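A.B. asks: Please work from the sequences and hints to get the whole structure.
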Amino acid sequence: MQKRRMGKGLGRGETIAGLLFASPWFIGFILFTAYPILSSIYFSFTDYNILSDPYWIGTENYIEMFNWDPAFWKSLWNTFYYVLFSVPLGISIGLMIALILNADIKSIAVYRTMYYMPSIVPIVAGSILWAWMFNPNYGLLTLAVEAIGLQAPAWLGDPRWAKPSLIIMSLWGAGGGMIIYLAGLKNIPKTYYEAAELDGANLFTRFRRITLPLLTPTLFFQLIMGIIGSFQVFTQAFIMTSGGPNDATLFYVLHLYRNAFQFWRMGYASAMAWVLFAIIMVFTVINWVGSRYWVHYDQG
Amino acid sequence: MKKRAGLLLAIVALMTLLCVVPIQAKTQVIVWGLNPLQVGSGNKEMIDAFNESHPDIELVPQSTPGTNGYATQDVAKLLAAIASGNPPDVTWLDRFTAAQFASRGALMAIDNYVEMQGFDVNNYYDYTINELRFNGQIWGLPWDTDTRPMYWNKEVFREVGLDPEAPPKTWDDLMLYSEKITRVDENGKFQRIGYIPGYGNTWLYLYGYANGAQFLSEDGRTALLNEPELVEALEYVVSFYESLGGTEKVAAYQSTFQGETNDPFLTGQVGMLVTVNNATQGYARYNPDLDYGSTLPPAPAGKPQTTWSGGWSYAIPRGAKHPAEAFEVIRWLTTEGIKVKEAGAAAYTLQRGSQYHIPFPAAYQPSNDYLVDKYVHAIDNDVIKNAVLGGLNAIEHSKARPVSPVGEVLWVELARANDRAIYGEMSPKQALDYAQRVVQRELDKFWRQFDREN
Amino acid sequence: MAQHNHATSSAQSQSGQFTNWYNAHRKQISHIVRHLLLILGSILFMFPLIWLISTSLKADTQIFKIPPEIIPRPVVWKNYTRMWTYFPFLQFLKNTVFVVVMSVSGVLVTAPMVAYSFSRLRWPGRDFLFMIVLGTMMLPGQVTMIPLYVLFSKWGLVDTFYPLWIGTWFGGGAFNIFLVRQFFMTIPRSLEESARIDGANQVQIYYKIMLPLVRPVLTTIAIFQFMGSWNDFMGPLIYINNQAKYTLSLGLRLFQAQTAGAQTEFGMLMAATCVMVLPVIVFFFIGQKQFIEGVTLTGMKG
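Protein chains in written order, with the working numbering: chain A, 1 to 300; chain B, 1 to 454; chain C, 1 to 302.
Please note that a few of the clues may not be correct.
Pairs of lysine-lysine, DSS-like flavour, derived with a Cα cap of 30 Å [as the list claims (entries may be wrong)]:
no.	chain 1	residue 1	chain 2	residue 2
1	C	K208	B	K44
2	C	K78	A	K106
3	B	K44	C	K289
4	B	K26	C	K78
5	B	K154	B	K399
6	A	K186	C	K27
7	C	K27	A	K106
8	B	K445	C	K27
9	C	K27	A	K190
10	A	K190	C	K78
11	C	K154	B	K26
12	C	K154	A	K186
13	A	K186	C	K289
14	C	K154	B	K321
15	C	K289	C	K208
The hints are simulated quantities; they were obtained by calculation from the structure and are not laboratory data. A quick note: this is a predicted structure, and the numbers were derived from the prediction, not measured.
C.D. replies: Written out as structure tokens, the structure reads:
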């Protein structure tokens with residue numbers, strides 16, 4: 001009897017405590033997320049240029065996006081291209097570095113810092129630096145390619161190379177993921193490897209049978225975050241190429257930003273933002289569903 | 001007693017101080033887009049000179065980061081600030097976007113102040129002030145004007161047997177001369193190109209205007225982007241690239257171009273180019289001995305040679321706190337200030353080791369005459385002086401971009417159509433059809449709203 | 001294995017000797033290979049930064065030299081000394097530090113609170129709301145940018161630092177809540193139960209017992225937030241007008257614009273970029289041990 005009453009009291013107390021502890025998020029969510037989201041849903045159905053009152057036009061913005069704006073499709077394609085290459089390549093390179101670093105190396109702190117550093121370079125600074133690296137005359141990359149006897153492309157100046165160039169730049173930050181894989185690797189018990197070694201498994205088999213499966217939760221996390229981040233790629237293109245040449249780096253968010261602030265089509269830009277949200281959502285859900293088949297959760 | 005007297009004295013002193021301070025306080029006019037730290041610009045000197053000559057007004061500059069390129073970041077800020085009722089008193093504005101701002105009620109018309117002060121706006125070059133007229137009112141004052149002459153390298157002309165004093169006047173000649181000048185090495189790589197249509201500062205406006213294209217109807221409600229004049233112009237540009245072996249090949253060559261001392265025009269990698277007039281500043285600094293000339297860009301046979309100009313302006317946003325003082329600021333900056341600024345810039349240019357300072361043309365004619373007298377006529381090198389004067393002469397034949405509430409969309413879609421055509425993604429007609437469709441749709445949307453509200 | 005080899009032909013014996021030698025020195029060899037790979041890789045990753053520093057120390061004539069030289073000759077400090085005139089670094093730094101301190105504290109104070117509620121306390125609707133927390137991570141910032149601006153301007157907070165940090169005092173963002181929550185999940189329930197039996201209330205349990213346990217992950221989110229605020233470009237771009245209030249990333253962009261065009265100043269631009277990057281690297285180097293520990297313990301599992 002007494003126990004139950006206590007439990008019940010505690011339950012109510014816990015609910016109150018729970019709500020109180022979570023209250024900063026509630027308030028913040030209502031002010032800084034829910035309210036702007038609702039306004040932007042409304043704007044997406046209007047003709048709105050900030051300066052005049054929004055004018056209801058129904059689904060016209062959405063129809064225009066799919067039927068009237070070829071640049072929308074191009075920006076979508078550019079963004080898919082970027083996500084398709086930068087995310088898997090970034091994950092592979094980060095993982096590779098982590099695997100090499102995952103040993104009892106004395107100077108690990110130094111290496112770790114060196115590989116991680118590029119990912120913390122401010123994006124504005126990084127963009128300035130890489131514009132210089134890609135300079136067709138003095139750029140280090142140009143000179144490196146020419147040093148091995150090949151003709152260097154015009155990098156950001158060539159529609160065929162502009163996207164790959166930005167992807168190369170993004171890989172420079174792959175060390176950011178390395179830290180997280182390293183953490184994942186540290187969580188794999190040493191005994192697994194020792195047992196496998198006794199069974200005569202070679203390096204590759206050990207990687208495929210032990211490391212990779214046990215690392216899948218970490219990879220899954222990185223994949224989701226990578227996709228969310230890459231779909232929103234903006235600053236590099238904004239600073240380095242302004243979307244050119246021939247719209248080769250016109251990424252989705254850049255197109256959105258231009259519609260909002262250059263063409264003053266806030267309603268249209270809001271509609272674009274919602275379509276992007278839907279796209280990211282779909283990818284995340286696909287990932288989540290697909291994860292059942294390849295992500296292994298050990299011991300809970 | 002003494003204590004109390006002291007206190008009283010202190011109170012009196014304090015009150016006098018309080019009374020005096022507001023009298024001495026200047027009206028602060030906040031100006032966006034004017035950066036006193038801009039390297040070698042003379043902006044700081046100009047701001048100081050204003051504040052010294054105006055006891056009642058203090059010019060407070062606030063710069064924004066994107067004063068080059070599309071400058072959308074400035075627009076974003078400005079728009080947001082106007083929308084929220086907290087704009088600066090004065091803003092720096094790319095002139096061709098003024099109609100876009102004005103038509104949405106983002107700016108304050110200045111006609112009242114112009115009339116009150118009896119200020120004669122006809123002293124600005126026609127096309128510069130006209131770019132700021134919309135719906136029968138004036139929305140700002142023009143600051144400067146660029147202009148686009150064609151430059152040709154006389155040494156290169158001599159070398160290939162062309163008359164160095166006779167630059168091409170027609171499109172056909174331009175292509176012919178270019179072929180003569182262009183050199184290819186044994187691997188098929190360019191060593192020199194006569195003329196590249198997209199190199200320098202040309203845009204489709206240059207070729208469109210040369211071929212008599214209109215871009216927009218008189219009333220500004222209909223886009224004319226797929227009319228024959230413009231389609232032909234783009235076809236000419238595309239055929240020029242084809243004659244050079246394709247845009248990719250030219251772009252690869254172009255990517256090896258360097259700046260400063262190794263500017264392709266100085267090194268003879270490019271024989272002719274159309275670009276903005278201040279290019280002569282670099283030519284004079286890095287190779288004062290270059291033998292070259294400037295003239296109007298060629299046009300199709302039988303059509304008048306012409307070019308186009310852009311430039312910036314100062315405007316007063318809607319909701320500015322001190323519009324009367326703001327008008328004084330923009331009047332002074334565009335008439336007197338520009339002279340002070342050029343003096344500051346000249347000092348920097350000379351200090352950096354260049355012999356000559358070439359001023360950027362002012363939109364205010366009397367100031368421009370002053371600048372030309374003071375700096376251009378003082379140049380003791382006839383080649384440079386004539387090249388600069390040739391550029392200034394182009395102002396007389398220059399057009400501005402069409403004044404339109406959808407100027408930005410028009411600009412971006414034309415650039416897009418140009419790229420699509422030269423990279424062979426679409427035919428010129430097809431690319432312009434697309435542009436027409438997008439721009440017309442924007443126009444319709446704008447006028448629909450405009451008519452609804454007026 | 002080794003005995004077999006001894007008995008066979010000399011060629012095989014040689015390879016056997018190699019195998020022997022290899023087996024005996026396997027550890028060292030793999031160590032050397034590892035180090036070689038690591039050094040090679042770190043050269044690749046560090047080169048752009050080395051290049052940045054070297055360019056900032058070069059004279060104009062050497063910057064544009066082909067083939068390029070890594071080592072500045074002579075070492076020129078002119079770019080740094082001249083830069084101060086055009087790039088008021090200390091002013092920008094002061095502003096940036098203020099924003100960073102306010103937002104990092106906001107995250108450190110509120111993210112664990114919210115995460116604690118979402119992981120250790122049971123209340124109706126909790127899991128549903130947590131899904132919403134995760135959902136907001138997928139929301140492009142552009143969706144809320146305009147309405148937020150209108151909101152802040154209504155409150156008269158444009159051209160102040162508030163819009164840049166105030167949001168972090170409301171849970172510190174979905175990602176940070178998520179990280180701390182994952183960490184809280186690993187703590188055994190028995191801990192707080194025994195504290196409860198000892199008569200501790202929720203606040204005491206949270207403050208005295210749980211918070212100290214999650215200290216490593218707090219370092220992690222502090223560093224993430226530090227980098228986020230330090231590098232933030234869009235926020236200051238939209239909200240800050242007065243140049244005296246510019247942050248470093250905005251100031252650097254301004255500096256890039258003001259040195260571009262006719263008076264290109266690559267050396268000065270690189271010098272300014274250097275001074276912006278340096279503090280981040282130092283901060284990371286100091287905090288890296290705890291940072292890694294925080295990441296390791298959360299495992300960053302979905």
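A.B. asks: So, for every hint listed, does it hold in this structure?
C.D. replies: To see whether the hints hold, each was checked on the structure:
| no. | hint | verdict |
| --- | --- | --- |
| 1 | K208(C) to K44(B) | violated, 57 Å |
| 2 | K78(C) to K106(A) | violated, 39 Å |
| 3 | K44(B) to K289(C) | violated, 48 Å |
| 4 | K26(B) to K78(C) | violated, 38 Å |
| 5 | K154(B) to K399(B) | holds, 27 Å |
| 6 | K186(A) to K27(C) | holds, 20 Å |
| 7 | K27(C) to K106(A) | holds, 14 Å |
| 8 | K445(B) to K27(C) | violated, 73 Å |
| 9 | K27(C) to K190(A) | holds, 16 Å |
| 10 | K190(A) to K78(C) | violated, 54 Å |
| 11 | K154(C) to K26(B) | holds, 27 Å |
| 12 | K154(C) to K186(A) | violated, 50 Å |
| 13 | K186(A) to K289(C) | holds, 14 Å |
| 14 | K154(C) to K321(B) | holds, 17 Å |
| 15 | K289(C) to K208(C) | holds, 24 Å |
Checked against the numbered hints given earlier, the structure breaks hints 1, 2, 3, 4, 8, 10 and 12 and satisfies all the rest.
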